[in-house]
Amino acid sequence: MAEFLQFCASGLTVGAVYALVALGFTIIYNASDVVNFAQGEFVMIGGMTTVFATAAGVPLPAAVLIAILAAMAIGLLLHRLAIEPARGASPVTLIIITIGASIFLRGLAQIVFDKQFHSLPSFSGDTPINIGGALVLPQSFWVLGGALVIVIALWAFFNRTVIGKAVLATAANRLAARLVGINTSFVIGLSFVLSAAIGAIAGILVTPITLTSYDIGTLLALKGFAAAMLGGMGNPIGAIIGGLLVGLLEAFGAGYISSTYKDAMAFIVILAVLFVMPCGLLGRASVERV
Amino acid sequence: MRKLMSNRLVVPAFLALLVVALAFVMPSNFYFRVAALVWISALAVIGLNLLMGFAGQVSLGHAGFFGLGAYSVAILPAQFGLHPVIALIAGAAGCALLAFVVGRPILRLKGHYLAVATLGFGILVSMVISNEAWLTGGPDGMPVSRLTLFGWRARGADTWYWITGGLMVVGALLAVNLVASPTGRALRALHDSEVAARVVGVDVARYKLIVFVISAIYASVAGSALALVNGFITPDAAGFLHSIQLVTMVVLGGMGSILGSVVGAAVLVVLPQVLTVFHEYEHLMLGFMMMAFMILLRSGIVPSLSTLIAGRRA
Amino acid sequence: MSVIKVEEIGISFGGVKAVDHVSFCVNEGDVFSIIGPNGAGKTTLFNLVSGVYQPKFGKVFLEGADVTGLEPQVLARRGLSRTFQNLQVFFRMTARENVMVGRHLKEERGLLAHLLALPATARQNRESAASADVYLERVGLGAYADTPASAMPYGALKRLEIARALAAEPKVLLLDEPAAGCNAVETEEIEKLVRKIADEGTTVVLVEHDMKMVMRISDRVHVLEFGKTLAEGTAEEVRTHPKVIEAYLGTHGSKEAAVALG
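Chains as they are written, first to last, in this note's numbering: chain A, 1 to 290; chain B, 1 to 314; chain C, 1 to 262.
You may find that some hints are simply not true.
Unchecked claim - Covered stretches of chain A (in silico footprint by chain B; criterion: 3 or more residues with CB under 8 Å from a CB of chain B, positions within the stretch not fixed):
1. 203-213
2. 220-226
3. 257-270
Claimed, not checked - Going by beta-carbon spacing under 7 Å, a handful of chain C positions derived as facing chain B:
4. S81
5. R82
6. Q88
7. F90
8. R92
9. A117
10. L118
11. A151
By construction, these hints were calculated from the structure, which means they are not laboratory data.
Note that this is a predicted model, so its numbers are computed, not measured.
Virtual Cβ for every residue (Gly too), placed ideally from N, Cα, C.
Start from the sequences and build out the full structure, keeping to the hints where you can.
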């Protein structure tokens with residue numbers, strides 16, 4: 001039982017990070033139909049910037065702020081310099097562009113930062129908390145709590161603010177949104193900035209547990225993409241469920257079966273699910289109109 | 001003249017001439033080696049272009065088949081004493097079988113679901129290769145024994161230039177034949193409208209599977225060739241980034257253009273060789289170039305150029 | 001004998017019954033038209049009959065055999081082909097190649113022969129191209145043979161779809177609004193073409209908004225409203241049917257259609 005709870009705790013912690021990455025995918029995809037494979041790099045930028053800012057003597061809260069702002073700026077630049085000029089290109093072309101951006105950002109990080117692994121001190125110490133025999137790190141609560149706060153804040157943003165509703169309207173129908181006077185280019189840019197911030201926060205929160213380095217982005221992006229598709233592309237609830245599910249399956253797979261194929265879990269699950277449900281767990285099959 | 005240009009054999013004939021002509025101007029073994037790498041990538045890209053450019057089905061996991069082809073000429077001779085040529089054929093047959101089995105459920109998917117499924121497939125293959133170190137040497141890779149044919153050993157870069165160039169030309173020839181055949185028309189038709197193809201009797205699922213299997217065989221043979229040329233193979237050959245490189249070569253050269261496949265392969269094989277002079281800025285430059293190419297040449301080099309030329313003439 | 005028979009067929013999308021217990025029979029060589037206001041379920045009915053959608057209930061018989069739920073490519077093999085309201089043209093191919101795809105079922109399918117371009121494949125290509133040209137001539141598109149479909153005008157693409165469907169030599173041809181978006185001259189040409197197709201023995205099922213054309217060429221007319229059958233009969237019977245007049249003159253129908261009904 002204690003073992004089971006232990007796997008649950010570690011699975012949910014990692015799963016929360018996947019869920020945030022998947023949420024970032026979903027926000028950008030809904031606004032622009034772009035699958036942003038540079039999503040993992042935002043996580044890396046969040047963690048690495050905080051590490052290097054604190055090492056330079058900046059107090060942690062300020063370092064966190066700098067890191068989030070840095071990621072948001074890069075998200076905006078990514079949209080303005082790479083996505084906007086390629087408007088109207090095929091989905092495959094856009095995928096290549098975002099993968100190019102991911103390689104570019106990784107290359108940038110290895111120059112600006114370095115190629116080492118880095119950690120941050122835990123926010124509330126390292127004394128594990130005993131829950132039913134499972135030892136849970138305090139930082140795990142930071143990750144889960146942070147994810148929860150982000151989800152609630154996003155919900156409020158999309159449902160309670162005019163700008164949020166404009167984003168939803170753009171997601172529902174871009175042409176109609178433009179016709180009622182919504183600046184869709186601004187909305188798409190905003191979705192990149194928002195996703196970048198979410199990714200950066202995830203990266204900052206999880207770095208004390210999983211460490212960070214310039215190249216953690218790729219695998220995170222791939223798993224986040226798989227998690228987003230697992231729930232059904234474009235569905236934010238699906239993205240969160242997909243992310244948590246991948247995290248839990250990795251933890252249980254590594255604990256009960258074999259840790260060798262821990263990283264494979266996300267892809268085994270996505271293939272198994274898509275073979276049975278071609279539009280993901282919560283996705284609805286669309287009727288072909290001819 | 002126009003009739004001659006529209007003949008489907010023009011492209012393979014041109015490629016054959018190119019292979020022969022380039023051989024005379026190669027200044028050193030290093031260039032022969034790079035050219036051989038271009039021909040190998042081009043072979044895989046021609047196959048992938050049949051799938052993506054003609055049938056319109058994206059695959060973000062084709063390096064999986066490439067890697068399996070590469071490791072079959074490494075493992076089968078080492079473990080079972082098979083001749084490398086037999087190992088290459090066995091690898092291609094194995095990839096064809098694997099593509100046949102996974103292809104049916106995967107190819108039912110559309111759009112980004114197809115992308116994530118092929119991506120997942122490719123990553124799983126590369127993870128198995130990395131993790132089963134007892135068989136594959138793990139992340140460090142494994143050596144590949146040299147190819148010997150009737151007592152003659154293929155070793156020099158120029159020898160491999162000819163072998164891989166020959167393979168590439170044969171691959172291009174088979175591809176243009178296929179495109180101009182009833183099967184090719186069915187593939188191009190389902191790219192534009194699956195439902196319209198179906199109502200005139202095209203079994204869309206079957207044709208998608210056929211072209212998926214064919215493209216897997218191309219990738220596998222190319223992978224085997226790379227392993228034999230290098231004499232060494234690492235899991236990177238099957239990795240996600242290699243899959244993306246292959247896709248980028250297809251799109252950069254031009255979807256649905258056999259000549260474009262070779263051009264795309266040439267650019268992306270030669271470019272990193274050039275970029276090594278940038279040392280630590282290498283990734284930065286590669287990522288930048290990928291973005292710049294796709295933004296500026298989104299319909300691909302060869303189609304963009306032919307539109308330009310056609311525009312001049314008119 | 002009825003070539004195609006539809007029994008109590010239906011489907012619903014998200015609780016809305018798009019087609020609800022519709023039945024009809026079509027005799028060999030007839031032109032059978034399905035009319036109704038926009039959203040009446042005409043195209044959905046076509047999608048059910050041609051296998052694009054799976055019916056939730058009901059049955060479809062082709063030449064007496066139950067073909068309910070069979071896929072479009074299987075139905076094509078059995079002699080049923082169709083065109084589409086929203087163009088489904090192979091835009092990356094020439095007009096000739098589009099129609100050559102229509103010959104698919106008549107072509108040799110040896111993959112190895114195709115890869116190696118054996119003489120048999122070359123002969124096959126020539127045969128398909130030759131018959132494609134015949135069908136292009138038949139719909140009046142002979143001049144467009146080598147033109148990429150993407151460069152052809154809308155009216156020509158409508159006829160290209162007909163040529164492609166004809167090339168499959170169907171016994172039953174489903175035409176979904178062949179004259180939509182065409183001018184008067186083009187509409188007249190399409191009307192002549194449909195008549196000729198039926199006269200040569202191919203059964204035609206037609207969905208069309210141009211009432212004058214429907215009334216002139218139909219042997220029988222089936223009227224749908226809200227997914228249900230409203231009336232069926234000869235053109236004259238339908239034209240004078242009180243319910244049909246009400247549907248077209250009433251709140252749901254368009255004025256133009258009312259005028260067209262006469």
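Violations among the numbered hints: 1, 10, 11
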